[in-house]
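**Q** Letter by letter, the chains look like this.
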Amino acid sequence: MIKRLLQIIVLLTITISANCQVSFSNGSTVTEIQTATVVTYNHRFYDSTERNHKKNGPALDDARIAIESRSSKFEFKFEFDLAVMGNAVLDPTAPPITEAYFVYKGLNFVNIKTGFSKIPFSRDNLQEHFDMPFMSRPELDKSTIFARRDVGVTLYRTFWNEKINAYAGMYSGQGESVLTTMNDASGSAEFAGRVDVSYPCKYKYIQVDEVHSPIPIIQVGLNARYINKPVATGYGNSVFADLNHEKSIMGFDVSGAYQGFTFQVEMDQAKIVPNNISQLDGFPTTYYRTGGATIQLNYHSKLLRSVFAVRYDELNPNDLTQDDTRKAVSFAYNYLINSYRCALKVQYTTPFSHFTKDAESALAGFDPQLSVAWQYWFR
Amino acid sequence: MNKIFLVCLSILSFSFISDTSEKLVPEHTYTLQVPEPSDICLSADKQNYFVVSDNGYLFETDLQFKVTRKADIRGLDYEGVYADEKYVYVMDESLRKITLFDVANLKPAKGNTLTYLGGRNKGFESLTYNKDKKRFITTIEKGPVQIWELDENLNKVMEYPFPAASDLSSACYHDGHMYLLSDEDRKIFEVNPEDYSIIKTWTIPVLNPEGITFSPEGNLVISSDDMSKAFVFKPL
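Those sequence lines, one after another, are chains A and B.
Just so you know, the first sequence maps onto residues 1 to 379 in our numbering.
Just so you know, the second sequence maps onto residues 1001 to 1236 in our numbering.
List time: in silico BS3-like cross-link candidates among lysine-lysine, alpha-carbon distance up to 25 angstroms: (1) A/105 <-> B/1107; (2) A/302 <-> B/1200; (3) A/73 <-> B/1122.
Just so you know, these hints were derived from the structure itself, not from any lab.
Starting from the given sequences, assemble the full structure and let the hints guide the process.
**A** In structure tokens:
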């Protein structure tokens, strides 16, 4: 048994050292092929009376391939996820295309990004999930109250030696389902913007301080978005998000790093005027609020090649409904075989309110769950 | 609960075990008016520094790091710079291209493109000239870390693995000594210019160090990309 285990480890080491990412240059443009594969095993802790355990088992979470080209004047990226194509029915809010955009950098004062990509709202949203300690994002950032991607135009630039990042954009408002659904009858758009400031130097959108910053770095971000769609056809993938009429969201985040320790705090709050007045629960009002927060602490140990993280997150779907705030605590351990390019991740999430052990629960993340993942990420 | 506390304490204790390399402390710090400075070198006449940036710009500064000139042409991702009496040699990491700028007017005169198919952002991070072997030197940042020797025509003639570092971000030949800089390890390696075996190691308290050179007086100069600063240390 031990011999077999050692053989597997040796094979893994060979595979890991392969460095599969490839790039080509013609002297003025470079094109790179990137890949990512994440295999997971999920185990939910069901009641002994529950006979439906279909959510326990292995899964292919990501099978991504990306082609990225860059020159001094432009960038292009096309990324798709083959893992979702294995589903019998494609979820329109989780399309196989995850990025398809073009950036023009020829103007000195601003860059122009157009295509299907992430909306500049929420620091957590802007970060790749591959180099996060947790396999799953907090409920707040799982497209529950806002769509993460859309087709549109983003203008962005940096100031003060990249300590300030500023973004502003206009999008279809259809969210991820824009790739499969026509716009609604109003044809109206969504507007979003974000500004973040870091000090005393620039701070990338990371959650783990693998280089152990010798100085404390802090970043504060503010973002907002607004949409008015009388007949929304698919905004976000939440069970309660696709019935809204008018929505404005404000978000705030603060994060920092020092000597391997990092933290992230994020709060987002939406004001929603619904089409479906039943969401107002009979209150004499025209709107309700939804939102939540997440707080996360992480520590990276160079010696142990490990990351330890703990996260608290909560989400209140409707402030007019009593006692429906979902709260959860998650713990993560990552073993970084080759940084996050090859890593083993373990996550345990347990709710302590709105506890459901329903196997069909739409907000499935709120079942207590243990997940193990192995990821290869060549970029 | 006590056991959990002890385990956490042990993990933290192990993590703070430090290495034995000598720790250097900067004596002076200068702000660089260069976005994302990724390498620095002293001019051949020792009157200026040349600084390149991740955004594909080449700058000349005075000895107090004030910008005096900027090349008109823009590359993609400049990561290495070396200067002799006639040219400023600039390495574009992503494009795998070395461009020779005329020192007199900072206009591109000629260049050469190397072949390397590794990751776009894990390519050539440095450029210097090894006078002992009469060869240009560049380093592959990571995946795997390598030292490449180039001939006078900037063609590859030899490669050496350098597994001692997580990455290499800069290289500098100074007064018969060869120095390599690691960004992620925050270390300087003095290596044998003949075979690149390690002679001595220092640790520097600089975030994201990407450039190494020496002042006319022989002080060590380190440029930091994230901080956009130059740190001046005592001579090694």
